[in-house]
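Protein chains: 2
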Amino acid sequence: MAQVEDSVVRFGILGCASIARKVSRAILLTQGACLYALGSRSLAKAKEFAAANNFPPEAKIYGSYEEVLADKAVDAVYIPLPTSLHLEWVLKAIERKKHILLEKPPALNVEELDKMLKGCEKNGLQLMDATMWMHHPRAAKVKDILHDKEAFGDLKEVHVLFSFRAPDEFLKNNIRVKPDLDSLGALGDLGWYCARAALWAFDFELPQSVTALPGVCFNEAGVIMDCAATFTWNNGQAASFRCSFQSCMTMKVIMQGTNGAIELDDFVIPYTEDIATFKFHCDASFVDKSLGWICKHQEHEVKTSTPQEALMVGNFTKLVRGIRDGSTTADHKWPDMTRKTQQLLDAVKLSIEKHFCTIYL
Amino acid sequence: MAQVEDSVVRFGILGCASIARKVSRAILLTQGACLYALGSRSLAKAKEFAAANNFPPEAKIYGSYEEVLADKAVDAVYIPLPTSLHLEWVLKAIERKKHILLEKPPALNVEELDKMLKGCEKNGLQLMDATMWMHHPRAAKVKDILHDKEAFGDLKEVHVLFSFRAPDEFLKNNIRVKPDLDSLGALGDLGWYCARAALWAFDFELPQSVTALPGVCFNEAGVIMDCAATFTWNNGQAASFRCSFQSCMTMKVIMQGTNGAIELDDFVIPYTEDIATFKFHCDASFVDKSLGWICKHQEHEVKTSTPQEALMVGNFTKLVRGIRDGSTTADHKWPDMTRKTQQLLDAVKLSIEKHFCTIYL
Numbered sequence: 001m002a003q004v005e006d007s008v009v010r011f012g013i014l015g016c017a018s019i020a021r022k023v024s025r026a027i028l029l030t031q032g033a034c035l036y037a038l039g040s041r042s043l044a045k046a047k048e049f050a051a052a053n054n055f056p057p058e059a060k061i062y063g064s065y066e067e068v069l070a071d072k073a074v075d076a077v078y079i080p081l082p083t084s085l086h087l088e089w090v091l092k093a094i095e096r097k098k099h100i101l102l103e104k105p106p107a108l109n110v111e112e113l114d115k116m117l118k119g120c121e122k123n124g125l126q127l128m129d130a131t132m133w134m135h136h137p138r139a140a141k142v143k144d145i146l147h148d149k150e151a152f153g154d155l156k157e158v159h160v161l162f163s164f165r166a167p168d169e170f171l172k173n174n175i176r177v178k179p180d181l182d183s184l185g186a187l188g189d190l191g192w193y194c195a196r197a198a199l200w201a202f203d204f205e206l207p208q209s210v211t212a213l214p215g216v217c218f219n220e221a222g223v224i225m226d227c228a229a230t231f232t233w234n235n236g237q238a239a240s241f242r243c244s245f246q247s248c249m250t251m252k253v254i255m256q257g258t259n260g261a262i263e264l265d266d267f268v269i270p271y272t273e274d275i276a277t278f279k280f281h282c283d284a285s286f287v288d289k290s291l292g293w294i295c296k297h298q299e300h301e302v303k304t305s306t307p308q309e310a311l312m313v314g315n316f317t318k319l320v321r322g323i324r325d326g327s328t329t330a331d332h333k334w335p336d337m338t339r340k341t342q343q344l345l346d347a348v349k350l351s352i353e354k355h356f357c358t359i360y361l
Numbered sequence: 001m002a003q004v005e006d007s008v009v010r011f012g013i014l015g016c017a018s019i020a021r022k023v024s025r026a027i028l029l030t031q032g033a034c035l036y037a038l039g040s041r042s043l044a045k046a047k048e049f050a051a052a053n054n055f056p057p058e059a060k061i062y063g064s065y066e067e068v069l070a071d072k073a074v075d076a077v078y079i080p081l082p083t084s085l086h087l088e089w090v091l092k093a094i095e096r097k098k099h100i101l102l103e104k105p106p107a108l109n110v111e112e113l114d115k116m117l118k119g120c121e122k123n124g125l126q127l128m129d130a131t132m133w134m135h136h137p138r139a140a141k142v143k144d145i146l147h148d149k150e151a152f153g154d155l156k157e158v159h160v161l162f163s164f165r166a167p168d169e170f171l172k173n174n175i176r177v178k179p180d181l182d183s184l185g186a187l188g189d190l191g192w193y194c195a196r197a198a199l200w201a202f203d204f205e206l207p208q209s210v211t212a213l214p215g216v217c218f219n220e221a222g223v224i225m226d227c228a229a230t231f232t233w234n235n236g237q238a239a240s241f242r243c244s245f246q247s248c249m250t251m252k253v254i255m256q257g258t259n260g261a262i263e264l265d266d267f268v269i270p271y272t273e274d275i276a277t278f279k280f281h282c283d284a285s286f287v288d289k290s291l292g293w294i295c296k297h298q299e300h301e302v303k304t305s306t307p308q309e310a311l312m313v314g315n316f317t318k319l320v321r322g323i324r325d326g327s328t329t330a331d332h333k334w335p336d337m338t339r340k341t342q343q344l345l346d347a348v349k350l351s352i353e354k355h356f357c358t359i360y361l
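Protein chains in written order, with full-length UniProt numbering: chain A, 1 to 361; chain B, 1 to 361.
I should point out that these hints are in silico values taken from the structure, not numbers from a laboratory.
Keep in mind it's a predicted model, so treat the numbers as computed, not measured.
Hints are supplied without guarantee of correctness; some may be wrong.
Because identical chains cannot be distinguished in the list, a pair is counted as satisfied if it fits within a single copy or across any two copies.
[What the hints assert, rightly or not] Computed list of lysine-lysine pairs in DSS-like fashion (alpha-carbon distance at most 25 Å, straight line):
| # | residue 1 | residue 2 |
| --- | --- | --- |
| 1 | Lys-92 | Lys-178 |
| 2 | Lys-279 | Lys-296 |
| 3 | Lys-289 | Lys-47 |
| 4 | Lys-289 | Lys-178 |
Isolated chain A, as found in the complex (with noise of 0.2 Å):
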């Protein structure tokens, strides 16, 4: 076993996704945090990769997710296999005592997600879902202005869009078109982003309907590429998000209020790792015969000396720490989060196989 603080939390990673490369990076960011383990199906990839992104000589490469999972000194790990694979190793993960951070989307159906979140439940286990922008102070800061009724009003409407042009070659082999990897394609990959943006914006209270838009691309192998949908709740609130292989980069969320309007042009995946920002528009009005129109405009930087991903983790670690030594359990917020996305995915994808029909929850 390698030499670790007993109160530092020792994170195992399954698989050399790309965005592990991201993750990795984040766990050494994090105070608390350390790379101990990475399994591949492949050593030599594993070895390669470990080198490449700095983990610390005394980690432990594996030949198979198996070992990582067997080694009684990880205490959580990070999954970032494809999303088919999810519901096997997260279980496994489960048997062996670990705590869960998952990337998304988490599960191709809320019923494999119920069986991981049982399990967790069941054995103590901390999940959290990969989502990195919850974790960015800017997300609290919006929050504070989507709060202010004075400000911002009611919130009434939030439209999402999150695309980018796939080349050639992502569309040919990338595991996100592929019905046997990531099945829900641009949906799984970019809608959980815009369904979760959603949800958070209304406090995460589940919509009462779900209808998909008429118009989506499938690839040849029937994975959804582009797709849009919108949700409704009782109250007269709507959501809609469209989200897309084959449009040029967005990552834009408006929310609406009654007295003031937020935006975010790079929700997902900030601009710059320092400094985040967003606009904020309110108290408009028309100058005499419509001539014109005046509002007050406010652009807001939220700066951070860590990136998102780093919080993301570090929230994890914490959360994990807790569990570890006694003095929480798990934190049922986050779970509860991933499931009620993943309930949206799922009502999308019914909306589409159902010609579009709404679908109530």
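The hints should help you fit chain B onto chain A, whose structure is shown.
Just chain B now, with coordinates in the frame of chain A:
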């Protein structure tokens, strides 16, 4: 008959609607046009309006709409009456051989509109709806970029938001909340601009399908206060919009191409008369490990010494003069746009009535 140059196009205005203040000023600003007559059911109100809006002293002020139409010197009428009165007064204007600048929405439905268009066609009269923003040079500049296959790529999606928070007085008394006046409510008033923007972006190709989104809000009289819809084209292109009297003022259009995106924050009425802006971003890419992303942001400024409503009056005036002097005939381009936009509103309304089912055009 007031003395005006023979080459000048003489406008008569039916009614003293608030928007007529803006258009009266636009007529005054237009070379070759003159504010020749005004009619209201109340002569006193007409006189007051004329005095407050710089009508020339020789302008004819009538105590009825009929008298404006009966005045043979009037070349063209501007009709800002409630929509439910359009059919009657447009047909009467056609009888009197007046060209027609018509406030939007032009009609309660396309059947009504077709009666108007047929009358204009038969009599060689020009009809133009008063959608002002299309005449701003910003629109042409945006169109140049939309057609730039390298910078913008192919247009994939359009998102339009037009809302304002109507004060209580508006929600009680405005014609746009009355089922017997402007029964299309927010859809006719705001949705008109949204549907037009989507059509305009897609070069007026009608979509294949129109679907209203669940979550429509009606007032007690059954008039739409808030609604949303989506349009799809067969080649995977889509547009969606939301229009609302219930959330803060927003006039946003986002056009997403494969390579770039264009965004206007004030597409209906520019913040200021002399400069309108729009944003363009393209060439987005992630930095290493997706720790951030970069793209080229441009803010374009388009200046105009003539406000968009005066440019509209100018374009209409030129057409009328050309028809009057026999050098041209009525330009079908404008009523064609009007009809397609009305078709979309009709389809949205029908989709709402049919519980949000998809309407195929």
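These are the hints, each one checked on the structure:
no.	hint	in the structure
1	Lys-92 / Lys-178	within (24 Å within a copy, 63 Å between copies)
2	Lys-279 / Lys-296	both (10 Å within a copy, 19 Å between copies)
3	Lys-289 / Lys-47	between (70 Å within a copy, 18 Å between copies)
4	Lys-289 / Lys-178	between (56 Å within a copy, 22 Å between copies)
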